[in-house]
Amino acid sequence: MISDPLHRLDCCVITDGGGAMVIVSEAVASQLERHCVPILGTGSFVKSSQSGRIDLTHTGAVRSGPLAFNEAEVTPDDIDYVSIYDSFTITVLITLEDLGFCERGAGGHFVTDGGLQAPHGKLPFNTDGGGLCNNHPANRGGMTKVIEAVRQLRNEANAALQVPDCELVLAHGTGGSLATRSASSTMILGRSL
Amino acid sequence: MTLPAKAAEPNSENLRFFEGAEQGRLVLPRCTACGFVIWFPREICPECGSQDVDWFEASGSGSIYSCTVTRRIPGSWGKSTPFVLAYVELDEGPRVMTNIVDCDPEQVAIGDRVEAVFEEATDRDGNPGPPLLRFRPVEAQ
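In the order they appear, the protein sequences are chains C and W.
Quick note: the first sequence, position 193, residue 193 per this note's numbering, numbers continuous.
Quick note: the second sequence, position 88, residue 88 per this note's numbering, numbers continuous.
Okay, chain C solo, but in the shape it has when bound (with noise of 0.2 Å):
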């Protein structure tokens, strides 16, 4: 155990690594033989200590996350494959149910039953490991979680993980401290452009 109710296994590991996105315009995009895949919705907030009354059972992802959906013009259902930034496991949990993947209070029984399991649960994620599994570089642990979603879309992530048909992504990051979850950004990306 390292802090109520987290054991070891419930928390990160933390790793050397980083990434690089590039962002470029659709005529750019569409002189270029790699895969492009388009932003189709993006969304930020920052969750303010709540002038000293924080309510510890939601983060800024309840904002940035119909930021995102409403400008991608989709709904939770629709996504095949999500990257969602799991500093511990309690972060995946809040943040499922921030997005409106499953019901406030419901995120536990969401995931026991396998459905995060890639590729055929009801919702794969983070399949190359994640925070949890293989990677944290450093305070960015958002950037690699962009960066599997486009493997997905690309049809390049480990072949035993890739979803079949991957259309339609979701990227999330979570900052602040566990306590405060003090910043969200949401990320919708497409296929083909």
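It should be emphasised that the hints constitute simulated quantities derived from the structure, not laboratory data.
Every value quoted in this text rests on a predicted model; they were computed, and no experiment measured them.
All C-beta atoms, glycine included, are put in the ideal place defined by N, C-alpha and C.
Possibly wrong hints are sitting among the right ones.
As the list claims (entries may be wrong) - Derived DEER-like restraints, expressed as beta-carbon distance ranges: (1) W:Glu120 with C:Thr15: 54 to 64 Å; (2) C:His7 with W:Thr2: 22 to 32 Å; (3) C:Arg140 with W:Thr2: 35 to 45 Å.
What the hints assert, rightly or not - Sample of chain C residues at the chain W side, in silico, Cβ under 10 Å: (4) Ile2; (5) Ser3; (6) Leu6; (7) Arg8; (8) Leu9; (9) Gly18; (10) Val22; (11) Ser49; (12) Gln50; (13) Ser51; (14) Gly52; (15) Leu56; (16) Gln162; (17) Asp165; (18) Glu167; (19) Arg191.
Said to hold, decoys possible - Simulated coverage check for chain W against chain C, where a stretch passes if three residues somewhere in it have a Cβ under 8 Å from a Cβ of chain C: (20) 35–42; (21) 60–70; (22) 89–96.
Place chain W on chain C using the hints.
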């Protein structure tokens, strides 16, 4: 088990809070415009923006809103495990991040009633500074 206690450096905005702490009293600011009880102590209301603030002695009583028992942690706190990190909701409204002390960590739970205590604190040179606000259970455990 005594926890590390780093002394704060009071400024003109929160001096009344620390003067109260020296006397073992929880003194908080309250907005005279909208009545909001302000945490952390400062002379501006985060709700309405008014800078018209009164200071009053709060009850020092509250309930545990959330808590965890920290069992592994690097640095100086590592010698003090297990200890309780908590948010306490004061009866006046604010939720304060703090430690629960004078307790059996295994017995502390959400909803438990607690009361303010002020513990000796020292600056980085080891000199005494303003006491640190923490909480302890009200009922015997």
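Now the hints, each set against the structure:
1. W:Glu120 with C:Thr15: 54 to 64 Å: About 40 Å separates the Cβ atoms of W:Glu120 and C:Thr15, which means 54 to 64 Å is violated.
2. C:His7 with W:Thr2: 22 to 32 Å: 27 Å, holds
3. C:Arg140 with W:Thr2: 35 to 45 Å: Hint holds: Cβ distance 37 Å, inside 35 to 45 Å.
4. Ile2: 5 Å, holds
5. Ser3: Holds. Min distance 5 Å.
6. Leu6: 8 Å, holds
7. Arg8: 8 Å, holds
8. Leu9: 13 Å, violated
9. Gly18: 24 Å, violated
10. Val22: 37 Å, violated
11. Ser49: 8 Å, holds
12. Gln50: Holds - the Cβ of C:Gln50 comes within 10 Å of chain W, reaching about 8 Å at its closest.
13. Ser51: This interface hint holds because 4 Å falls under the 10 Å limit.
14. Gly52: 4 Å, holds
15. Leu56: 6 Å, holds
16. Gln162: This interface hint is violated because 37 Å lies over the 10 Å limit.
17. Asp165: Hint on C:Asp165: violated, closest Cβ of chain W at ~42 Å, above 10 Å.
18. Glu167: 39 Å, violated
19. Arg191: Since the shortest Cβ distance to chain W is 41 Å, the answer is violated.
20. 35–42: Since 4 is at least three, the answer is holds.
21. 60–70: holds (count 5)
22. 89–96: Per the Cβ count (4), the hint holds.
The structure fails hints 1, 8, 9, 10, 16, 17, 18, 19 (numbered hints given earlier, in ascending order).
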